[in-house]
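A.B. asks: The residues making up each chain are set out below.
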Amino acid sequence: MIREVYITETNCITPIGFDVAANIKNIMGCVSGIQLQHNLQLMKTPFYASIVNNEELNMAFSKISLTENYTRLEKMMILALNPIVKESKLDTKTGFILSTTKGNITALENPSSANFKKAYLSQLAKNVADFFGFKTEPIVVSNACVSGILAVSVAKRLIQSEMFDNVFIVAGDEVSEFVLSGFNSFQAMSDLPCKPYSKNRNGVTLGEATSAVLVSSHKKNAKIKIIGDGSINDANHISGPSRTGEGLFRSIESALAEAKINTNQIDYISAHGTATSFNDEMEAIAFNRLGLENVPVNSLKGFYGHTLGASGLLETVIGIQSVLERKLFISLGFYEIGVSQSINIIEKNEDKNIRYFLKTASGFGGCNTAVLFEKVK
Amino acid sequence: MSENKTYIQSICMIQNNEIILDGKTILKIEPTSFSDFSKKAYQNFDVNYPKFFKMDGLSKLAFLGSELLLKKEIGETKENNIALVFSNKSSSLDTDVKYQKSISDKENYFPSPAVFVYTLPNICLGEICIRHQLRSENSFFIFEAFNPAFMINYSNILMETKKADKVLCGWVEYFDKEYKAFIYLVGKEGDFEHKIETLKTEYNK
Numbered sequence: 001m002i003r004e005v006y007i008t009e010t011n012c013i014t015p016i017g018f019d020v021a022a023n024i025k026n027i028m029g030c031v032s033g034i035q036l037q038h039n040l041q042l043m044k045t046p047f048y049a050s051i052v053n054n055e056e057l058n059m060a061f062s063k064i065s066l067t068e069n070y071t072r073l074e075k076m077m078i079l080a081l082n083p084i085v086k087e088s089k090l091d092t093k094t095g096f097i098l099s100t101t102k103g104n105i106t107a108l109e110n111p112s113s114a115n116f117k118k119a120y121l122s123q124l125a126k127n128v129a130d131f132f133g134f135k136t137e138p139i140v141v142s143n144a145c146v147s148g149i150l151a152v153s154v155a156k157r158l159i160q161s162e163m164f165d166n167v168f169i170v171a172g173d174e175v176s177e178f179v180l181s182g183f184n185s186f187q188a189m190s191d192l193p194c195k196p197y198s199k200n201r202n203g204v205t206l207g208e209a210t211s212a213v214l215v216s217s218h219k220k221n222a223k224i225k226i227i228g229d230g231s232i233n234d235a236n237h238i239s240g241p242s243r244t245g246e247g248l249f250r251s252i253e254s255a256l257a258e259a260k261i262n263t264n265q266i267d268y269i270s271a272h273g274t275a276t277s278f279n280d281e282m283e284a285i286a287f288n289r290l291g292l293e294n295v296p297v298n299s300l301k302g303f304y305g306h307t308l309g310a311s312g313l314l315e316t317v318i319g320i321q322s323v324l325e326r327k328l329f330i331s332l333g334f335y336e337i338g339v340s341q342s343i344n345i346i347e348k349n350e351d352k353n354i355r356y357f358l359k360t361a362s363g364f365g366g367c368n369t370a371v372l373f374e375k376v377k
Numbered sequence: 001m002s003e004n005k006t007y008i009q010s011i012c013m014i015q016n017n018e019i020i021l022d023g024k025t026i027l028k029i030e031p032t033s034f035s036d037f038s039k040k041a042y043q044n045f046d047v048n049y050p051k052f053f054k055m056d057g058l059s060k061l062a063f064l065g066s067e068l069l070l071k072k073e074i075g076e077t078k079e080n081n082i083a084l085v086f087s088n089k090s091s092s093l094d095t096d097v098k099y100q101k102s103i104s105d106k107e108n109y110f111p112s113p114a115v116f117v118y119t120l121p122n123i124c125l126g127e128i129c130i131r132h133q134l135r136s137e138n139s140f141f142i143f144e145a146f147n148p149a150f151m152i153n154y155s156n157i158l159m160e161t162k163k164a165d166k167v168l169c170g171w172v173e174y175f176d177k178e179y180k181a182f183i184y185l186v187g188k189e190g191d192f193e194h195k196i197e198t199l200k201t202e203y204n205k
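Sequence lines, in order, name chains G and D.
With my numbering, letter number 299 in the first sequence gets 299, and the count goes up by one each step, no holes.
With my numbering, letter number 163 in the second sequence gets 163, and the count goes up by one each step, no holes.
Read the hints as simulated data drawn from the structure, not as lab findings.
Backbone N, C-alpha and C fix where the C-beta goes; we use that ideal spot for every residue, glycine too.
A portion of the hints provided could be inaccurate.
Chain D stretches covered by chain G per the calculated footprint, using a threshold of three residues with CB under 8 angstroms from any CB of chain G [said to hold, decoys possible]:
{"#": "1", "stretch": "78-91"}
{"#": "2", "stretch": "94-102"}
{"#": "3", "stretch": "154-166"}
Chain G extracted, bound-state conformation:
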């Protein structure tokens, strides 16, 4: 008998709040973290991004530690984990997963040998793990933009395999010159705050955030149950999604098969919606191929920008609140449908009972992940 797996704790650190309640309050008020940034260190022209305020970050961190030896990203990750790890017993059956795409990549800007060591993702994981005293070796998931949601699926699978009973996940990425210049070189950056699925969308807005959850085999305090997942490659192109959405289509099919539910039972989709022309179009095609075109769907990129390795987990945390608070949140930045096949974009905050919730993401390398959740009775 395969074990049942739940998410029992959640938290997030974002430009619109340092806990889940503050984030939900701002989402309800349509307050976005995206602002025009004038930062010559990051980019020579002004650009839109969703960035955590340094003073607020340092203030919050000083309340839990007086050590200054942590990078910005490490502080954000520790802050996300702190309230949910604090009370827990960390033993050899407690795993720790860290999800990120670029970690402390800013360490390469000043490549002294001590600094260079920080750029290793295993070092980042060790620094965060040691703060809390985890007893098991950290597992780093670095799988482009699906990392955050893939980490949920990895945690679930490791609990099913009985390697662990509990797994803490932290996911995070930072806005850096490295990533900004890279997306810019692809001409994939929006000149205005991103507009997922809209007619005049022209690319991503980058963002930064961290998010943390506790995945557990114990039902006590469960916020939601994880009932199926899939993470299937397009096998098509390394820097663009499949035109037919093949990998996403198959990832969702795989999750549905495991969960033993039908497409018509899904009540809400928290999609990827980066606001690039190809990504949003691909998702609309995949959802239509599955008959999911009438299911309410949103992208939270209009609130947070694309937070890379954090996004999948952050959006899961917000999605769980949708289920718990019986609310569909607005897909901020959406104006007029701009994908070739119709999908049911959530245009205003509204009440809805949600039993089954689907989270999806797609990324470079042709990767896709879908995870299905069920409300706990």
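Fit chain D to the known structure of chain G by using the hints.
C.D. replies: Same frame as chain G, now just chain D:
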């Protein structure tokens, strides 16, 4: 879980200018750079896939090892549900450093999308999936060192929950001219049991 035994069906090791497949040296050349070595390997095995030359070192390394293991596995007619579970220590740091150099001088700023795309370790999985048309489970992990306990638990649960028929597992480490690939295929049949001790011994050969 894991009452069902799994087996290591084939192993490919690439290090020190040598490729060993199932215990036999199939290519060994005089010490040279990885780019030269990988080109000679490409020619030696008649790979015939020009995209290979656009890849970064990590992708070339993962690609070559997978090529040798999957050549005999992949059927033309049927779909192959072979998952990819790869890991390393240095992520894509070798290409990250190269990309960082392209943006470190404001007077000579030349970020390239062709380099940037390889600043993600999972790109090598995409390359392998495209080559072998594997629309299958894939994930990339980072550890301080090869982690057989994790690899066994994760690959076995993929097969047990029917997410994959077989799993291609790999440690593909590439940084600053140093490289090591230890790639192996795991399935439900075979003679060579998939155990931590076996993986440790084979990895350290």
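A.B. asks: Are the hints correct? Go through all of them and say.
C.D. replies: The hints, checked one at a time:
1. 78-91: Since 4 is at least three, the answer is holds.
2. 94-102: It holds, with 4 qualifying residues against the three required.
3. 154-166: It holds: at least three residues are needed, and the stretch 154-166 of chain D offers 7 whose Cβ sits within less than 8 angstroms of chain G.
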